[in-house]
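Asks: Quick mapping for you: the protein sequence lines, in order, are chains X and P.
So for the first sequence, the working numbering puts the first residue at 79; every next one is plus one.
So for the second sequence, the working numbering puts the first residue at -17; every next one is plus one.
What the hints contain is simulated information worked out from the structure, not anything from laboratory work.
Computed from a predicted structure; not experimentally measured.
Be aware that a few hints might be false.
Listing some non-contacts, in silico: residues in chain P with all C-beta distances to chain X over 12 Å [as the list claims (entries may be wrong)]:
{"#": "1", "residue": "S17"}
{"#": "2", "residue": "D22"}
{"#": "3", "residue": "T52"}
{"#": "4", "residue": "N59"}
{"#": "5", "residue": "K61"}
{"#": "6", "residue": "G62"}
{"#": "7", "residue": "R63"}
{"#": "8", "residue": "L69"}
{"#": "9", "residue": "T72"}
{"#": "10", "residue": "L87"}
{"#": "11", "residue": "P96"}
{"#": "12", "residue": "D97"}
{"#": "13", "residue": "Q103"}
{"#": "14", "residue": "G113"}
In silico SDA-like pairs for lysine to any residue, Cα to Cα no more than 25 Å straight-line [what the hints assert, rightly or not]:
{"#": "15", "chain 1": "P", "residue 1": "K147", "chain 2": "X", "residue 2": "W222"}
{"#": "16", "chain 1": "X", "residue 1": "K245", "chain 2": "X", "residue 2": "V288"}
{"#": "17", "chain 1": "X", "residue 1": "K261", "chain 2": "P", "residue 2": "Q28"}
{"#": "18", "chain 1": "P", "residue 1": "K115", "chain 2": "X", "residue 2": "W222"}
{"#": "19", "chain 1": "X", "residue 1": "K176", "chain 2": "P", "residue 2": "S118"}
Label-pair restraints from in silico Cβ distances [what the hints assert, rightly or not]:
{"#": "20", "chain 1": "P", "residue 1": "G113", "chain 2": "X", "residue 2": "G173", "range": "40 to 50 Å"}
{"#": "21", "chain 1": "P", "residue 1": "R77", "chain 2": "X", "residue 2": "L422", "range": "49 to 59 Å"}
{"#": "22", "chain 1": "P", "residue 1": "Y93", "chain 2": "X", "residue 2": "S287", "range": "23 to 33 Å"}
{"#": "23", "chain 1": "X", "residue 1": "P219", "chain 2": "P", "residue 2": "D42", "range": "28 to 38 Å"}
{"#": "24", "chain 1": "X", "residue 1": "F369", "chain 2": "P", "residue 2": "A65", "range": "41 to 51 Å"}
{"#": "25", "chain 1": "X", "residue 1": "A345", "chain 2": "P", "residue 2": "G58", "range": "47 to 57 Å"}
{"#": "26", "chain 1": "X", "residue 1": "K245", "chain 2": "P", "residue 2": "D42", "range": "47 to 57 Å"}
{"#": "27", "chain 1": "P", "residue 1": "A65", "chain 2": "X", "residue 2": "L422", "range": "36 to 46 Å"}
{"#": "28", "chain 1": "X", "residue 1": "N218", "chain 2": "P", "residue 2": "D54", "range": "24 to 34 Å"}
{"#": "29", "chain 1": "X", "residue 1": "N139", "chain 2": "P", "residue 2": "V130", "range": "48 to 58 Å"}
{"#": "30", "chain 1": "X", "residue 1": "Q428", "chain 2": "P", "residue 2": "K115", "range": "45 to 55 Å"}
{"#": "31", "chain 1": "X", "residue 1": "G173", "chain 2": "P", "residue 2": "P116", "range": "16 to 26 Å"}
{"#": "32", "chain 1": "P", "residue 1": "R77", "chain 2": "X", "residue 2": "A269", "range": "16 to 26 Å"}
A virtual CB, placed ideally from N, CA and C, is assigned to each residue, including glycine.
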Amino acid sequence: MRDRILAIGVALGLCMLVAVHAQQTRTGGSTSVVALTAMDYIEIKQLVNRYAFALDTASRNGYDYADLFSADGVFDSNSRGRVQGRDQLAALARGGKKGPLYVNHYIMNHIIEPTADGAVGRQYLINISHDQNIPSVGPNPNQWDLVGQKRGSLDTVGGHYEDVYTKTPEGWRFRYRKLVPSKSGPDSTRAAMLKMYPVKPDPTDTRPSVPGGLSAMDYIEIERLVASYGHALDNGYGTTDNGEAYAGLYTSDATFGQSTGYAQLAALGRKQPQGPQYVRHYLTNHVIEPFAGQAIGRQYLVVVDMPEPEARAKGTPGSIFLGGHYEDVYQKTPDGWRIRTRRLFRAQAQ
Amino acid sequence: MRNLNVSVAIVTVALLIGISAASLVRAQQKVTGGSLTAADYVEIQQLVARYGYAVDTHADNGYAYADLFTADGTFGNTKGREALAELARTTQKERGGPAYTRHFLTNVIIYPTPDGARGNQYLMALDVSEGGKPSSIVHGGRYDDVYVKTPAGWRFKSRQLYPAKIGVPPPTAKLPPSTRR
């Protein structure tokens, strides 16, 4: 009798726990959607960021690309139709221009909507081709004089991806991914917008789930550090001096290219074309990984010379100045995450 | 009778465990106080990421765009739900649609403030190729935002686009013409 009542009592207690938990995971309005944690959003974004690198480099003979998909995963496009199966997806990745330094797929505007059994999402895509043989500009070019040099162009490929994600034991994967080319005008066959849902709080928001791993907050701070790069370098966050803003992204002993330490990095920043309203360095596809208690990362860069308002009014387009990818080491300091080392690799096809 | 008392005690303890576990889970959501939680950052990132779709698709007759803002929200000099929806409907009036992509945003930075959050991004507005025409870069700039958390979630309280403009080169940076390339 006692045992039975004990069992009932414990069961009641557990039921309450489950009820509270369920209340948090079921989001308002719908009973079928399971809310995602910040780490789920981060991992799905990382999946998409890896996609660009895996496709443009065809690393591991295309299998890095194939392994972003679930076992039954499909990539769908107008040009190729449905591609399914690990070997078929790897073969797709090997096609066209490739190489360890090749960058072409710039992906932005990633929206994610939780579903009953995973998530769906969309992003914008623009393919950018960078010139291979850029003429030398001498040992110490005045960077202001180079603004507007055309060294690449947008491809005709652009539009948006429509994805279905599934959480496998190995992590989030594409179950379905479709490229929809950009097209003007109404189209009744397409759903217009995804919905926004609250993000579910989770212990891994501030604590890594494994020792030496990164918490959601670590990812978010490293994302912001790298997203700050253009703001600091191009416009000093909307101020008149970009030097200190730029050097402030790095640890005190950091290296970027030929410059090491705060003073040299601030001087490097001040040499670059700038202004309180200047924008030039666009970074995207940021892949972040825990590494030896710190973190490493890589991301695409495109430097764009935008038409100023007067030029735009006359229909003058912008131009591509430079493209490639950065490879970084990040270090957590008492002031937050900073860049420890950074290297730029210019875009190049093999 | 003694058995019953013990049973009541056990049930009570079990219930208390359940209740305290529940409040512990709730308390965890508030640990960060004045700053932003990971969930806040992700929700604001998602708000910003939706911006391009809302303006490019003209979804919901422009109201999908307007509803990214607070009731008194502003984009530049445009204020309020009706005006914002009208702005979205008439931006690229003949071209907007569910597969139209023009507003590409990146370099998304978000900061906590005492009232909510602020943030910035870069915009590149592109004419993506259609019907064999080449793609082109139309314009770009930097957004400056204020976000507030409403009962419906994070929204733009204000948003301003500063078009790209290069600064004035420092006099010492200009090389004499003879030493140029």
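Asks: Would the least Cβ to Cβ distance between P:Q103 and chain X come out above 12 Å?
Replies: 8 Å, violated
Asks: Are all C-beta atoms of chain X more than 12 Å from that of P:D97?
Replies: Label holds. Min Cβ-Cβ 19 Å, cutoff 12 Å.
Asks: Is the distance from the Cβ of X:Q428 to the Cβ of P:K115 consistent with 45 to 55 Å?
Replies: Because 30 Å falls outside the window, the suggested range is violated.
Asks: Can the restraint linking X:K245 and X:V288 be considered satisfied, given a maximum Cα separation of 25 Å?
Replies: With a Cα-Cα distance of about 18 Å, the restraint between X:K245 and X:V288 holds, given a limit of 25 Å.
Asks: Using Cβ atoms and 12 Å as the threshold, tell me whether P:T72 really stays out of contact range of chain X.
Replies: 15 Å, holds
Asks: So the hint says 49 to 59 Å: do the beta-carbon atoms of P:R77 and X:L422 match that?
Replies: 36 Å, violated
Asks: Do the beta carbons of P:Y93 and X:S287 sit within 23 to 33 Å of each other?
Replies: 26 Å, holds
Asks: Is it true that the C-beta distance of X:P219 to P:D42 lies inside 28 to 38 Å, as the hint says?
Replies: 50 Å, violated
Asks: Could you check that no beta carbon of chain X comes within 12 Å of the beta carbon of P:D22?
Replies: Not fine: 8 Å to the nearest Cβ puts P:D22 too close to chain X.
Asks: Please work out if X:K176 and P:S118 have their alpha carbons no farther apart than 25 Å.
Replies: Judged against 25 Å, a Cα distance of about 24 Å means the pair holds.
Asks: Does the claim that P:L87 lies off the interface hold, with its Cβ farther than 12 Å from every Cβ of chain X?
Replies: With a cut-off of 12 Å, P:L87 comes too close to chain X, as the shortest Cβ separation is near 6 Å.
Asks: Grab the minimum beta-carbon distance between P:T52 and chain X and tell me whether it stays above 12 Å.
Replies: 15 Å, holds
This entry does not satisfy hints 1, 2, 10, 13, 14, 18, 20, 21, 23, 25, 26, 28 and 30, going by the numbered hints stated previously.
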